[in-house]
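Given chain A, put chain B in place with the hints provided.
Protein sequences appear in the order of chains A and B. Position 24 (the first sequence) corresponds to 24 in the working numbering; numbering is contiguous. Position 265 (the second sequence) corresponds to 265 in the working numbering; numbering is contiguous.
I should point out that these hints are in silico values taken from the structure, not numbers from a laboratory. Please read all numbers here as calculations on a predicted model, not as lab measurements. Please note that a few of the clues may not be correct.
Stated by the list, open to error - Coverage of chain B stretches by chain A, computed from C-beta distances (three or more under 8 Å per stretch; other residues unrestricted):
no., region
1, 45-55
2, 142-149
3, 166-174
Said to hold, decoys possible - Restricting the straight-line Cα-Cα distance to at most 30 Å, the calculated cross-link-like pairs of lysine-lysine (BS3-like) are:
no., chain 1, residue 1, chain 2, residue 2
4, A, K271, A, K327
5, A, K203, B, K275
6, B, K33, B, K275
7, A, K349, A, K272
8, A, K203, B, K148
9, B, K93, B, K196
10, B, K93, A, K203
11, A, K203, B, K17
12, B, K93, B, K197
13, A, K349, A, K374
14, A, K325, A, K374
15, B, K275, B, K245
16, B, K197, B, K245
17, A, K2, B, K17
18, A, K327, A, K305
Unchecked claim - Distance windows between CB atoms, simulated:
no., chain 1, residue 1, chain 2, residue 2, range
19, B, S151, A, H248, 44 to 52 Å
20, B, S47, A, V196, 24 to 32 Å
21, A, E187, B, P19, 55 to 63 Å
From the three backbone atoms N, C-alpha and C, an ideal C-beta is built for every residue, glycine too.
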Amino acid sequence: MKRFLETGNFAITEGAILAGCRFFCGYPITPATELAEAMSMRLPQVGGVYLQAEDECAAMHLCIGASLGGMKSMTATSGPGFILYADPYGWALGCETPMVVMNSGRVGPVSGITGAPGQGEFYLTRYPTQGGNYETITLAPNSAQESMKIIVEAFYLSERLRMPVTVLGDQLLTDGMEDISVPENDEEMKEMGFRVWPRSYHKGPDFYPSVDSLDIPPVQMGYNTGALCSDWTPTIEGYDIEEVEEHHRHAYRLIYKVRNNRQLFSELYEKKFMDDDPDLVVVSFGTPSRVVNTAVDRARSEGLKVGALRLINLWPFPDQLFTRKTKYLSVELNWDGQLVREIQRAVPKDATVNFLGTCGDLPTIPDLIENFDKILKNQPLERKGWVLEAW
Amino acid sequence: MAHLSSALVEDYLRTRKIPSTACSGCGLGINHKVVIQAISELDLKTSDIIWGTAIGCAGRQTFGTWKGDGFAGTHGRVYAIARGLRIALPPEKKIVLTVGDGDAFGIGLLHLIHAARSNAGITVIVMDNLGYQSTGGQFGFTTPQGAKTDSSPYGMFEHNLMSEGMDVMDILKSAGATFLARHTATDALAAVESVKKALSNDGFSLVHMPYPCPTNFASRHLGSRSAVNIFRWMQEHSAPRGQEKPDTIWANGVYYDARGSRPEMSEHVWESVGKIRRTGAL
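Okay, chain A solo, but in the shape it has when bound:
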């Protein structure tokens, strides 16, 4: 095990390499630029290729191409680039091409504030492309060390489920410096819970089977198997077809190969005092969760009956964690409230759901505790001159 004082970008780079990533295509964008830089330095050292594309749309398409040719591939960006992935993301979902996509969130809308953390793409990672009829997987680590593990896990899931997997971070996660341990061999990787799935290729001819089973190798070019993949609805062999029945078969697989295999990622969450009958459950993901966790610890020591639920697996949304009839508070790095809507949908009928948003900066611990207290006393939440609606 080697220890470093380094950024989240460093941890993600090392994690990707450990997972077998040998192709990265990027486009400079704050705050994901340093990840591209780190990849451009590290990949050639391990026999991999870094390319810089003309835009993010091309970057993810190049990753598709490399993945079709058998290389584990990755790209990374921030919100304004993630929106340009809409086109290739759909292609990769439809053709079931494995790859990993990193989104380091900054403050939006549009270009917004480049150098500050935001969580404005919670829903965008669920619906990264048009058309519907698919399921996506999004994972959100909250530290540099965890981001290394989650990147490895993202590659693992993308291979087993043959699909792109998104890792959602933010500027603090990727740019912040922390103590990072990097495993040096397979044994250490195993100890740290890193799982790696090797790439293989589909021998055909049923390249797009109508079942939701796992571990079907991806469609690959270059083995002369007669493999076909396209943006159109495929027949089982991969021919393009305009038939609703065939499309239903295809869409069913895209949706249920994920939903029916949730056990692969459903344990990716962290809870605090959740078994101690909390009157308020504070829900968060990414870097705000680190402040939330400390605030919840402190609130408990002050006698407030709060618990914390930190989501790592964001999509498919873990409804099973929201069965308790109690009060909820969603703490997010945005002012419009995104995660809160999903919590509101998932909780039992009698539960109440509140929202506390900050943007560009983390909430403070006293602020959080004050709000916990207000919610527990059924008082309205107020902050900086405006009243936040109770959801």
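Frame of chain A; chain B shown alone:
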């Protein structure tokens, strides 16, 4: 060496997809045969080529026709996919892309220019049906100047990418392409020779192959869906390069042949990666 379409189909194409569902009188089949003929004359096997297509008439009609491996990208993106694939594939595998004019010279032009810049080992065959025909017949960026289409009812009055001094061939040459040619479907024999040169180039090649669309283009611009009529019209408006007449729209021939003048992208990248890995520097 096969010349009969039936023999070429047997050797290289899938009978499930050939004959295609193209309209009666469509010139795409001629261009498709030109490419297969060139492949046959170079004695290439189905395992030697990965065939990519785009969307629209050219993409849809050629997707899944190749007996070997094939893929189709969304509109304009297949050049980016092909560059990634080029990196991952062994150098002896060739990548052929059959795309439309809207794909190459409209929505995909940025990616096309970067494929040329990097001299990626790809042969792009632009099957130009004179506009956006699968959407009903709108003008594209190499639609003849003045042409009446569904989206240019008064005649196409913007400059196109074949206008004097701004030919897309010049743009691609400046961008770094190492083989460029243009042949209408009425110039098929010469086109076979150019496609052979394109396929033998270890770098970025593009052959622009305008062909007649009787259904949409001809019905609007020429007032007739007669295939003979539009073939004759294209023939009248094409000439060999250097022998252009005042009414020539398409000058057929090789525009630029710099095969072997620059390293191919993936070979260059892998050589650089190998050197960095061995020595820590370039």
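Quick rundown of the hints versus the structure:
no.: 1; hint: 45-55; result: holds (count 5)
no.: 2; hint: 142-149; result: violated (count 0)
no.: 3; hint: 166-174; result: violated (count 0)
no.: 4; hint: K271/A to K327/A; result: holds (16 Å)
no.: 5; hint: K203/A to K275/B; result: violated (34 Å)
no.: 6; hint: K33/B to K275/B; result: violated (42 Å)
no.: 7; hint: K349/A to K272/A; result: holds (23 Å)
no.: 8; hint: K203/A to K148/B; result: violated (49 Å)
no.: 9; hint: K93/B to K196/B; result: holds (15 Å)
no.: 10; hint: K93/B to K203/A; result: holds (18 Å)
no.: 11; hint: K203/A to K17/B; result: holds (21 Å)
no.: 12; hint: K93/B to K197/B; result: holds (16 Å)
no.: 13; hint: K349/A to K374/A; result: holds (22 Å)
no.: 14; hint: K325/A to K374/A; result: holds (18 Å)
no.: 15; hint: K275/B to K245/B; result: violated (53 Å)
no.: 16; hint: K197/B to K245/B; result: holds (27 Å)
no.: 17; hint: K2/A to K17/B; result: violated (56 Å)
no.: 18; hint: K327/A to K305/A; result: holds (11 Å)
no.: 19; hint: S151/B to H248/A: 44 to 52 Å; result: violated (35 Å)
no.: 20; hint: S47/B to V196/A: 24 to 32 Å; result: holds (30 Å)
no.: 21; hint: E187/A to P19/B: 55 to 63 Å; result: holds (59 Å)
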